[in-house]
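K.L.:
Heads up: the protein sequence lines correspond to chains A and B, in order.
Number 107 in our numbering belongs to position 107 of the first sequence; there are no gaps in the numbering.
Number 278 in our numbering belongs to position 278 of the second sequence; there are no gaps in the numbering.
By construction, these hints were calculated from the structure, which means they are not laboratory data.
Glycine included, C-beta positions come from ideal geometry on N, C-alpha and C.
Watch out, some of these pointers could steer you wrong.
[To be verified] Simulated pairs of lysine-lysine, DSS-like, Cα-Cα distance not exceeding 25 Å:
no. : chain 1 : residue 1 : chain 2 : residue 2
1   : A       : K182      : A       : K105
2   : A       : K10       : B       : K484
3   : B       : K475      : A       : K10
4   : B       : K338      : A       : K105
[Said to hold, decoys possible] To spell it out: a stretch of chain B is covered by chain A in this simulated footprint if at least three of its residues, at any positions, have a beta carbon under 8 Å from a beta carbon of chain A; those stretches are:
no. : region
5   : 257-264
6   : 472-481
[Claimed, not checked] Computed from the model, here is a short list of chain B residues facing chain A with C-beta under 7 Å:
no. : residue
7   : R268
8   : N269
9   : N330
10  : M331
11  : S334
12  : F337
One letter stands for each residue in the lines below.
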Amino acid sequence: MITIDTISKKYGKEVVLNVEKVEIPKGQSFGLVGNNGAGKTTLFNILLDLIRPTTGLITNNNIVVSESEEWKNFTGSFIDESFLIGYLTPEEYFEFIGDLRGMNKADVTAFITQFKDFFNDEIIGKKKYLRDLSKGNQKKAGIVAALMGNPEVVILDEPFANLDPTTQIRLKQIIKNLTENKEVTVLVSSHDLTHVTEVCERIVVLDKGTVVKDIQRSEETLKELESYFAL
Amino acid sequence: MHFLKLERKQFFRSSHWQKGIAIKILMAFFALYFIVIFLGIGVGGYFILKKQFPEQDPLVLVNSFLLYVFLGDLIFRYFMQKLPVMNIKPMLTLPIKKSKIVHFILVKSSFSFFNIMSLFFYIPFAIVLIKQGYDFEGVIGWLFTMILLVQSSNFLNFLINKNSVALGVLVALSVGGYAVQYFQLFNLPGFVGTGFDFIYQNPITVFAFVAILAGFYVVNYKQLRNEVYLDALVSEKTKEVIASDLSFTDRLGDLAPFIKNDLRLMWRNKRTKSSIWMLAMGLGSGLFFYTNPIYADIEVMCVLVGVFSTGTFLINFGQFIPAWDSSYYNMLMSQNFKYERYLKSKFTIMTISVVLLFVLGIPYVYFGWDILAVHFAAMIYNVGVNSHVILFGGTFNRKKINLEEKAAFNFQGTGAVQWLIGFPLMILPMAIFGLINWLVSFEIATITLGVLGFIGVALHKNLMAAITKKYIANKYIMINAFGKEA
């Protein structure tokens with residue numbers, strides 16, 4: 001589904017990302033871990049064509065992301081709060097994204113009701129603007145918006161950060177359901193090793209911009225990761 | 001003091017400091033211009049008044065105008081002066097007394113541009129008075145009263161800030177004062193003026209104004225002191241949603257979601273809300289030019305007023321496309337829509353505004369049918385030419401806009417390009433009109449403007465395609481620039 005081909009990003013002389021070749025097949029749940037500055041967000045930003053790589057290409061469903069915009073039709077993403085429109089209410093924001101993704105009002109309402117538990121009564125009907133919600137609640141709205149319009153690829157940067165424990169558990173369930181039928185490819189980055197190993201079947205470790213580990217999940221994965229980062 | 005150090009760093013390290021040199025130079029020129037004018041009036045004012053009204057005392061004359069000066073000053077401040085702010089959040093947990101933070105903020109505001117400016121008038125004027133043999137102590141008392149009153153206005157403004165009732169009172173006082181004077185019921189400004197005369201005669205009264213200033217300072221201090229808490233700042237922020245039904249925009253088809261957003265953007269953010277006053281100013285600009293005999297015979301002025309009054313929204317809103325959406329530009333760029341659709345929604349909003357403002361400006365027909373005709377041509381010109389020019393100018397936008405800040409004199413989001421683009425928008429049609437009016441006739445000049453507009457409308461598709469290309473080419477640079485805090 002997604003091919004990362006010798007992607008590198010340099011700022012001046014500093015190399016922040018240098019990834020040889022990574023293939024992500026359709027329906028895989030792909031986890032990206034690494035310390036601060038490892039290049040996780042940079043990689044996602046290149047994948048979304050928000051910054052240009054210095055060298056290399058990324059293809060998303062055989063579309064080179066920097067050359068055509070067709071990938072936007074089937075890719076949903078949430079990177080950070082800057083993806084939210086602060087002066088809208090969550091409902092209006094969902095309606096806006098829904099409009100762009102070809103959903104009518106009824107579709108949007110039906111879609112949103114699925115997430116009643118996830119929202120835990122803190123998002124819908126609150127008469128608050130997104131900018132006035134707490135970080136965690138903003139994140140909930142952003143994640144759900146990324147799932148609108150049946151995307152085939154979902155990209156979430158640090159989705160577990162700022163969420164309360166209950167919501168973290170619910171989010172893990174949502175991600176698992178997404179990849180259940182091997183139809184949706186999910187890319188998740190996180191600092192939390194437990195969460196990633198739980199939801200992702202494949203985990204890639206980035207360090208200073210390069211891939212240092214690329215493992216299929218097994219019983220030992222969590223231990224392996226913990227011992228790697230314990231250094 | 002370390003606060004000053006922080007302020008200095010904030011100023012010089014803001015990411016557009018280097019790029020913003022052009023604006024800073026322009027601002028410096030404005031400031032210099034005002035300083036020279038004030039100095040000129042300050043030094044020459046006495047002699048001018050003496051010459052114009054030889055039988056009256058210039059000081060008494062000035063005093064009888066001071067009511068308007070201070071009311072005008074307060075109204076001006078209401079729109080232009082920002083509340084003194086400082087990023088206090090990181091300070092709260094440090095071992096710094098809260099009172100110190102508040103004092104610093106207040107004292108800093110004393111040195112604002114608005115307070116310094118008028119000194120360039122009062123001080124030279126006072127020196128001239130002394131030179132002319134006025135009582136030394138009296139003049140000094142008067143001068144200090146002025147300085148204290150300017151400072152009091154400074155703090156009074158913070159107390160009334162954003163309170164439209166207070167603004168109403170100020171405007172009512174000015175208009176009412178003028179009215180009762182005009183109908184010779186009561187000379188209110190003159191009455192206030194005699195108060196100032198009294199100060200000159202009894203300079204000791206200056207201490208009363210020290211007490212007034214101290215009073216305002218203390219009230220400000222108490223108010224701010226209570227807000228040096230996170231929850232005070234936060235609780236102020238969360239307001240109930242004003243939701244309005246915007247389904248009427250659905251008729252605009254696939255542009256509707258963007259247009260809905262832009263309407264909400266305008267209603268719900270401080271920055272855009274305070275621009276609404278600019279609209280009133282733009283629409284009313286004709287009242288200033290057409291009633292002023294100096295401009296009555298200059299026909300080109302109709303074009304200026306026409307373009308400006310129908311295009312204020314176009315200019316105010318258009319020049320910050322796409323910076324209005326800068327805080328979530330990343331998200332927009334990863335959504336599936338054609339860029340052209342986004343730009344088209346902006347174009348549609350601007351077009352609607354131009355037509356609407358023209359309709360609101362129809363009463364200008366009072367000044368003559370020819371004026372309305374020019375306005376009509378200017379409207380077409382705005383839709384056909386200026387809207388495209390301004391969209392094109394948007395591709396040079398590199399500054400993030402913080403929607404939460406007030407607008408007037410807020411140059412965030414402005415770059416040299418935004419100033420440059422203002423010129424062709426107004427000067428070009430004026431030049432074309434002026435030239436043809438001079439060579440051929442008024443009618444042909446008016447028609448030419450309209451025809452230019454129609455040509456722009458006819459070429460709309462091609463122009464938009466070219467503009468869209470430019471936006472896409474600049475995408476990464478804009479994403480990068482909008483990601484930086486100003």
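K.L.:
To test your reading of the hints: which numbers does this structure violate?
P.N.:
1
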